[in-house]
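Please model the entire structure based on the sequences and the hints provided.
So the sequences go chain by chain: A and H. For the first sequence, my numbering gives the first residue as 1, with consecutive numbering after it. For the second sequence, my numbering gives the first residue as 1, with consecutive numbering after it.
Please keep in mind that the hints were generated in silico from the structure rather than gathered at the bench. The C-beta atom is built at its ideal place from N, Cα and C for all residues, glycine as well. Possibly wrong hints are sitting among the right ones.
Claimed, not checked - Covered stretches of chain A (in silico footprint by chain H; criterion: 3 or more residues with CB under 8 Å from a CB of chain H, positions within the stretch not fixed):
1. 91-101
2. 126-132
3. 192-202
4. 254-265
5. 349-355
Unchecked claim - Derived DEER-like restraints, expressed as beta-carbon distance ranges:
6. G69(H) - R328(A): 23 to 33 Å
7. G325(A) - L46(H): 30 to 40 Å
8. G62(A) - D179(H): 23 to 33 Å
To be verified - Calculated Cβ distances over 10 Å to all of chain H for the following chain A residues:
9. D29
10. Q39
11. P50
12. R110
13. P136
14. V155
15. P160
16. E171
17. A241
18. R301
19. E311
20. R312
21. D327
22. G358
There are 2 protein chains.
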Amino acid sequence: MQLDSGGSSWPGQVTVRQLADGREIRYFDDQATPGPVHQTTDTRPLPEPPRAGEIRFDVLTGEWVTVAGHRMNRTFLPSAADCPLDPTRDPAHPTEVPDSDYDVVVFANRFPSYAPQAVGPDAAAHPDVLGPPDRPALGHCDVIVFSSDHEASIVDLPGPRLRTIVEAWVERTAALSGDPAVAEVFVFENSGEEIGVTLSHPHGQVYAYPFVPPRSAQLLERSRRYRAATGGNLLRDVLAAELAEERRVVLRGRHFSAYVPRAARWPVEVHLAPHRDVPDLAALDDAERAELGGLYQELLRRVNRFHPGIERVPYISGWHQAPTGEDRDLGRLHLQVFSLLRAPGKLKYLAGSESGMGAWVNDTTPERIAGRLREVAS
Amino acid sequence: MQLDSGGSSWPGQVTVRQLADGREIRYFDDQATPGPVHQTTDTRPLPEPPRAGEIRFDVLTGEWVTVAGHRMNRTFLPSAADCPLDPTRDPAHPTEVPDSDYDVVVFANRFPSYAPQAVGPDAAAHPDVLGPPDRPALGHCDVIVFSSDHEASIVDLPGPRLRTIVEAWVERTAALSGDPAVAEVFVFENSGEEIGVTLSHPHGQVYAYPFVPPRSAQLLERSRRYRAATGGNLLRDVLAAELAEERRVVLRGRHFSAYVPRAARWPVEVHLAPHRDVPDLAALDDAERAELGGLYQELLRRVNRFHPGIERVPYISGWHQAPTGEDRDLGRLHLQVFSLLRAPGKLKYLAGSESGMGAWVNDTTPERIAGRLREVAS
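Shown next as structure tokens:
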């Protein structure tokens, strides 16, 4: 099956195939080509995709915690020769991608925290004080591979590839939001061994959660209170105030601007927000999508240059989107990029205060972070 | 000055002296001795103790974040010869502790996140949408050194020393709670280089926060709702339910019991709670204090034995106490001990889902954690 690109200016195409265990794989090509493509069949003798575990309610915090005991033995930093994200160059050594080449490819994680089919919750009943009944960890965990080149880095990919990556973010957000089990879609990227990335091949991830995640729940609660008090949209008004104050602004595009939040909690942190009110990536229009890839890449380049003397800075980036159901009107798309590296060779560890108490101490100031991110512009 | 031990069965004594920069240092001796002790004077040419920075309100989460830019260059894993927590054995190489020997010693951190004197907040005004005005990061950050032996470990210290450590926890909690700037006192320990411990000499810490920390605020909110709905105390009823259900109980003492919470989020996690309703460590009676040190040590020993084949497991332990002011009646003392080590050599990293979304995925089950912590009992 090949999908229509939806009338956008994206010149690419999407092809959907199936892996041997029934999971779908989506090839996003930078350029559409006539005729069938990506026809190689996955012939691996794969077991059924694993089912997800359960979610349990933490009565002390009011948050859902996911229990995924089966993930304990997942692939951990395989050698480059065994990379499951490489294309299958030798049929005797098949990977997760049957074809011998691709631009961007998306498929469900083989060791998912959330899956469309769950094992089912712990059958043992428990008293009410220990929380509501457990629920199956329904949802989706997708992998988005950014290049067939194991050694590539997202900051060096050509512009058209970034445009394709944005299209994959958009398509995944729209598709997974359509599953009634999904409460919110999180598009994110972990980069760097220092933060435990198990596969160095350039890739991102998508988690489609069966609950509104804790940080989103906090943000929605803050937004609800702000609207009740002022009638305004919190995230829109924060962006406007940051642009007016200028001290922490990092870059201004036509459709997006980036700033360091006034209460940044990481040694490197920057947010990127659209100028227009949009709930999620799928709501971006063609001009916004066209600009976004380049701005994202520029932000990551600056993060890499943040500390003098090193070439790559480990980072986490994540798209905060509106929930799919209740409170959707309170959500507003924004990206958060942050790093735990406080100096070359020195990580910020989340020790007692952060991990035990949720109380962050930042050893630098948001204004210094913003100054450095402006200084290292391309 | 020597303080009275308060009529408890603790046979020790406390001696308070001053360091060269005016900070107080408290020597807690396992055994009281007649006559003056710890009389050595600190002759170092020290600068004024650094002032604390500021706290900023994060409008997106409703949490205070501490900005402590001056901490960036703090001592990081000094060689054993330069350890500032050693006693001063050679007057030519003075440490933070002037005397040549001690049992337990307490003093304010030289690079504090919170201090009794603050630099003062950023003078620049900001619009209301970016939050209330910044506040000075008033408070206290104490270091509690458990032994004069740099190579010692808390799990191997003799019983009377643990009794003295409990007394130091109690004294610090009581004293710092008396500062009107302090909203909550957190007694904790970070152990292991894997979690970024900057000094390997066995020690714990005390943070006295000028705000109720986020995890405490969540817990108080949950406790308030629970009381409104049921009339009960959430933490007491959770303990009772865990003891009745038995599956996750780790140990039962006369005055305290330990269990793995139903929604444990770390690969190793255990809580220790008193049987009696007490707001904080200072409210423990003599019998409770006498039992506590041994139980704490036993829990840490079991954490160390959790993973076969290794001798030490990095951990964070923290005492959740009632706030000093508002909502004090909702708080109930409990200890949380957890480790990020999911297998020998494999840390649980807080990547996109945890750090970006606050959504924890545990790769094991709370019941398995509890089973293992029972199996490795002394």
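To see whether the hints hold, each was checked on the structure:
| no. | hint | in the structure |
| --- | --- | --- |
| 1 | 91-101 | violated (count 0) |
| 2 | 126-132 | holds (count 5) |
| 3 | 192-202 | holds (count 3) |
| 4 | 254-265 | holds (count 5) |
| 5 | 349-355 | holds (count 6) |
| 6 | G69(H) - R328(A): 23 to 33 Å | violated, 38 Å |
| 7 | G325(A) - L46(H): 30 to 40 Å | violated, 59 Å |
| 8 | G62(A) - D179(H): 23 to 33 Å | holds, 30 Å |
| 9 | D29 | holds, 26 Å |
| 10 | Q39 | holds, 33 Å |
| 11 | P50 | holds, 13 Å |
| 12 | R110 | holds, 14 Å |
| 13 | P136 | holds, 14 Å |
| 14 | V155 | holds, 18 Å |
| 15 | P160 | holds, 26 Å |
| 16 | E171 | holds, 19 Å |
| 17 | A241 | violated, 5 Å |
| 18 | R301 | holds, 20 Å |
| 19 | E311 | holds, 21 Å |
| 20 | R312 | holds, 16 Å |
| 21 | D327 | holds, 15 Å |
| 22 | G358 | violated, 3 Å |
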